[in-house]
Each structure stands twice: as C-alpha cells, then as structure tokens.
Amino acid sequence: MSKLDRTQIERRIVFLVLVIAVALPLIFPLGMKTYGTPLTKKAYDLVENTPPKSVVIISFDYDPSTVTELQPMALAVIEHAWKKEHRVIATAMWPQGSKMADLAFAEVQKKFNNEKVYGLDYVNLGYKVGGMVVIQGMGRNFKTVFPKDTSGLDYEDIELLRPVKSLRDIKYVVSLSAGDPGLRDWIMTAKGKYDVPVAGGTTAVSAPGFLPYVNDQNQLYGLMGGMKAAAEYELLLGYEGSASLNMNPQSVAHILILILIAIGNVKAWRKRKADAKQGEVKNG
Amino acid sequence: MADLMTVLGIWLGAFFTLSIFSFLYKDNPFYKLSEQIFVGLSAGYWLIYTIYNILVPNLFNLLLTDFANNWLLLIPFALGLMMLLRMIPSLQWVSRYPIAIMVGTTAAIYMLLSFKADFLSQIAATMINPFKFTSAVDVVGTILLIIGTLCGVYFFYFSRKKEGVFAVPSKIGIWFLMVSFGASFGYTVMARISLLIGRLDFLLRDWLHIIR
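Protein sequences, first through last, are from chains A and B.
Numbering-wise, the first sequence is residues 0 to 283 according to numbering that gives the first Met the number 0.
Numbering-wise, the second sequence is residues 0 to 211 according to numbering that gives the first Met the number 0.
Hints were generated in silico from the structure; no laboratory data involved.
Incorrect hints may appear among the rest.
Just a sample of chain A residues kept apart from chain B, beta carbon distances all over 10 Å, derived [said to hold, decoys possible]:
(1) R10
(2) R11
(3) V66
(4) K110
(5) N113
(6) E114
(7) G191
(8) K192
(9) T202
(10) K227
(11) L235
(12) Y238
(13) I262
(14) V265
Distance condition first, Cα-Cα at most 25 Å in a straight line; then the derived DSS-like pairs of lysine-lysine [what the hints assert, rightly or not]:
(15) A/K164 with A/K192
(16) B/K115 with A/K170
(17) B/K160 with A/K40
(18) A/K2 with B/K25
(19) A/K115 with A/K82
(20) A/K2 with A/K270
(21) A/K98 with A/K147
(22) A/K164 with A/K147
(23) A/K2 with A/K41
(24) A/K192 with B/K115
(25) A/K32 with A/K82
(26) B/K115 with A/K41
(27) A/K41 with A/K83
(28) A/K40 with A/K170
(29) A/K41 with B/K131
To give a feel for the contact side, a few chain A residues facing chain B, derived at Cβ under 10 Å [to be verified]:
(30) P51
(31) E68
(32) K147
(33) V280
Ideal Cβ positions, reconstructed from N, Cα and C, are used throughout, including at glycine.
Construct all of the structure, not just a fragment, from the sequences and the given hints.
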C-alpha cells in the first residue's frame with residue numbers, strides 16, 4: 000500500500016471516529032456540566048442590571064448556517080430580557096436574521112405561556128441592507144430606517160416603538176453575529192458614536208477577534224463566543240437547553256482531537272528519529 | 000399538505016447533508032450535485048430577495064407612489080444601472096464610477112469610526128494601572144496584557160535588526176502571538192465541531208427520530 004493510500008485511509012478512520020464520538024453523546028448524554036466565565040457573566044450582568052420596561056435591541060445578524068451556536072444564545076437572551084420585563088426590538092443585518100428572530104420569539108413564548116404581546120413586549124423590524132450605515136441611520140432617526148415592521152405595521156402604530164426616536168433611547172444592544180455586517184458595526188457605531196452599551200454573541204471562530212473589545216473602555220460589554228458561551232448563559236439562567244446538552248459531544252470531540260494530536264506528534268517524532276537514523280546509516 | 004412538505008424538506012435536508020459529508024470519503028457525483036444545487040439556490044434566493052425586499056420597497060414603490068419627495072432616489076438607481084453595464088464589454092468603463100463612489104464613501108465612513116474603535120479606544124484600553132485592582136489575578140492579567148501588547152507590536156517593528164537585547168521583546172512577542180494563535184485554533188475547532196453537532200442533531204433528531 001502506498002503512503003498516499005495509507006494517509007487517505009487514516010483520514011477516513013479519523014472522520015468516522017469523530018462522527019461516532021459526536022453522535023454517541025448526542026444519543027446518550029453524559030451529564031457533563033459546564034462552568035461560567037467572566038466574559039459571558041458580563042453580558043448577563045448587562046441584561047440583569049437594566050431596569051424593567053427598558054427598550055432594548057437584539058440584532059439577529061446570522062442565518063441558518065450558524066444556528067447551532069447562535070440560536071441557543073438568542074433563546075437565552077430573549078428569555079432573560081423578558082424575565083426582566085425588557086421590551087425587545089429585533090433587527091437583522093442579515094437577510095435570514097428576521098426569520099431566525101421569529102423562530103426564537105415563538106420558542107421562548109412557549110415558556111411564557113404565550114403571554115408576551117407582539118408590539119408591546121417585542122417587535123420584529125426585520126432586515127435592512129447596509130450594515131453600519133443602517134445603524135448610523137438608527138442613531139439619527141429610527142423611524143426613517145424602519146418605517147414598518149415585518150408584518151407591515153406602521154412604526155407609529157406599534158406601542159413599544161413610541162418612546163424610541165433614535166438609538167439613544169435604547170438601553171442596550173445584543174448583536175448575535177456570524178460575520179459581516181454584524182457585531183463590529185454595532186461596536187463602532189452604537190457604542191463608538193452613540194455610546195449605547197453593546198454586548199455580543201458570535202460564532203466560536205470569530206470570538207478571538209472580538210476579545211480585545213472587552214476592555215476597560217467597555218467597547219464591548221461582554222462576549223459570548225460559540226456554543227460554550229450559550230451553555231454558560233443557560234447555566235446562569237438556571238436551565239439546560241440545547242447548548243448545554245450539545246456541550247457533551249463538544250467535550251468528547253475535543254478530548255478525541257487532543258488524543259489525535261498527541262498520536263500525530265508521537266508519530267511525527269518517531270518518523271523524524273527513524274529518518275535521522277537512516278541518514279546516519281547512509282552517511283556512514 | 001404542510002406536513003407532507005415538512006417531511007419532504009427533512010428528507011431533502013438529510014439527502015443533501017449526507018451528500019456533502021460523502022466528500023470526506025472522496026469526490027463523487029452526489030457531492031457535486033449538492034454543491035451545485037446549493038450555489039444555484041443561493042444565487043436564486045439572493046436575486047429574488049434583493050428584488051422584492053430591497054429594490055421594490057426601497058426604490059420602485061417610493062418612486063411610483065411619491066415621486067416628488069423621492070426623486071433623489073434616481074441617483075442611486077442610475078448608479079445601479081451603471082454598475083450593470085459591466086456586462087457589456089464596450090461600456091464596461093462606465094461601471095468604474097459607481098464602484099469609485101462606493102469605495103470612497105465606504106472608506107470614509109469606516110475610517111472615522113474604525114479610527115476611534117480600533118485605534119484610540121484600544122490604545123486607551125491598554126493604558127491601565129495594573130495595581131488599581133485588588134485581585135491578584137486581575138493585577139497579573141493586566142501586567143500580561145501590557146507586556147503582551149508592547150512586545151507583540153514590537154515584533155512587527157522591522158526598522159532595526161533584532162540582535163542582543165533588542166531581540167528579547169521580539170521573542171516574548173512571538174510567544175504571545177503563538178498563544179493567541181493557539182487560542183484562535185481552539186475556538187476554530189469548537190466552531191467546526193459545533194457545525195458537525197448541528198448536522199448530526201438534525202439527522203438523529205428530525206430525520207431518524209433517534210433523539211427525542
């Protein structure tokens with residue numbers, strides 16, 4: 000068997016083992032628990048410490064491709080905001096974000112026995128193209144950017160929106176962001192220009208890029224990075240949702256990857272040693 | 000009917016998921032079919048979405064219902080049409096003007112806000128007195144932040160040969176950069192595994208009903 004064939008087979012074995020390692024804990028949860036980190040706690044505290052009846056924005060800047068990581072965050076943040084009696088405006092910088100918002104509201108409504116009233120406790124203003132320009136427009140005049148909601152209701156007919164003239168009337172923004180446009184635009188504009196506190200939830204892959212914004216200047220008021228942070232938020236709210244359950248396969252897969260990296264390194268080390276020995280023999 | 004469509008959707012989703020996964024074994028017609036359907040669907044979806052959710056409400060409706068107050072929209076409309084002239088080779092040059100306007104305005108908007116968010120605020124955030132904190136973890140963390148920032152920036156200073164004592168901060172900077180890349184890699188692994196979990200969850204829960 001050639002070296003290339005052997006590598007191909009090894010790769011396939013790794014993929015297969017990884018699939019099994021993820022599938023088994025999904026079917027038989029191991030009951031692993033996660034723990035909280037200051038970054039998620041800071042985002043949680045922002046929601047927790049905002050007075051009741053405040054109008055807030057949750058921006059759905061993602062689409063179904065990242066739903067596994069960001070939708071549990073959306074559910075947790077909406078639930079927390081509603082528990083604190085905040086009035087939630089959903090916006091979207093990504094076209095399918097408004098559908099994600101509808102699904103999230105419907106899911107959380109079940110926990111509140113459908114008591115939350117559309118137009119009073121929450122509203123979905125939908126998608127607007129433009130990213131940072133849209134946020135700047137909201138800073139000047141909210142109504143000109145979103146004259147209607149997704150169901151076609153006029154701005155002035157929505158009770159929740161009556162006290163909202165511009166972004167300055169918003170108590171905080173949570174952007175759940177899978178890329179651009181998204182969290183960075185909110186940091187630069189909502190926080191940078193209008194000084195509205197911004198918390199963020201991102202996919203794990205983009206989380207390290209946002210870490211420097213969680214600083215002394217509070218450019219970002221807490222950061223939720225990936226499924227782990229979603230599980231932490233669920234933990235802070237006192238329930239085990241999909242993110243907490245999915246941390247079981249996540250943890251098993253990480254352990255497997257660590258083992259595979261160790262095996263790979265041992266193999267590479269042995270190969271280097273064997274090559275060196277062969278070289279010595281060749282050169283006498 | 001709705002149920003039938005849901006079931007059909009789930010089966011189609013399962014078929015395309017497995018077809019995409021089949022690439023891990025080797026390139027094959029199922030993968031190619033799924034890939035091309037995905038690309039085609041995405042392009043079609045975007046085209047229709049752009050027309051009905053962006054152009055119609057924000058441009059055509061406003062021009063047709065209240066032209067007097069919205070005639071300024073003719074300018075972006077004209078720029079949009081000029082952009083489409085890229086498709087006619089002899090008139091391709093016209094599209095350079097809307098592109099130039101787009102690049103210019105975008106750069107201008109980003110420059111100011113980015114300068115504040117990515118430069119001034121970041122510098123200010125590094126100017127911290129580590130000893131103002133009471134917890135030892137915070138003090139050490141802040142000292143590391145300051146050392147890491149300075150040494151990391153120094154690593155990218157190439158106007159002097161890094162020899163002797165001048166090489167030390169550069170080497171420390173490399174260590175900080177390596178730790179940072181390692182953390183990024185860890186996060187990336189988590190993101191990719193999350194994607195796999197999402198797909199397997201769909202297959203096992205919605206399609207096969209193994210998980211309830």
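The hints, checked one at a time:
1. R10: violated, 8 Å
2. R11: Not fine: 6 Å to the nearest Cβ puts A/R11 too close to chain B.
3. V66: violated, 7 Å
4. K110: Consistent with the label, A/K110 stays out of reach of chain B, its closest Cβ about 19 Å off (over 10 Å).
5. N113: holds, 21 Å
6. E114: holds, 26 Å
7. G191: violated, 5 Å
8. K192: violated, 7 Å
9. T202: violated, 5 Å
10. K227: violated, 7 Å
11. L235: holds, 19 Å
12. Y238: holds, 18 Å
13. I262: The assertion about A/I262 holds, with a minimum of 16 Å to chain B.
14. V265: Given that every Cβ of chain B is farther than 10 Å from that of A/V265, nearest at about 19 Å, it holds.
15. A/K164 with A/K192: holds, 16 Å
16. B/K115 with A/K170: holds, 22 Å
17. B/K160 with A/K40: Roughly 44 Å between the alpha carbons, so the hint for B/K160 and A/K40 is violated.
18. A/K2 with B/K25: holds, 17 Å
19. A/K115 with A/K82: holds, 11 Å
20. A/K2 with A/K270: Given that 25 Å is the threshold and the Cα spacing comes to 13 Å, the pair holds.
21. A/K98 with A/K147: holds, 16 Å
22. A/K164 with A/K147: holds, 14 Å
23. A/K2 with A/K41: violated, 51 Å
24. A/K192 with B/K115: Holds, because 9 Å separates the two Cα atoms, which is no more than 25 Å.
25. A/K32 with A/K82: holds, 24 Å
26. B/K115 with A/K41: At roughly 23 Å apart (the allowed maximum being 25 Å), A/K41 and B/K115 satisfy the hint.
27. A/K41 with A/K83: holds, 16 Å
28. A/K40 with A/K170: holds, 18 Å
29. A/K41 with B/K131: holds, 20 Å
30. P51: This hint is violated: A/P51 lies away from chain B, its Cβ roughly 31 Å from the closest one there, beyond 10 Å.
31. E68: holds, 5 Å
32. K147: holds, 9 Å
33. V280: violated, 35 Å
Violation of the numbered hints given earlier is confined to hints 1, 2, 3, 7, 8, 9, 10, 17, 23, 30, 33; the remaining hints are satisfied by the structure.
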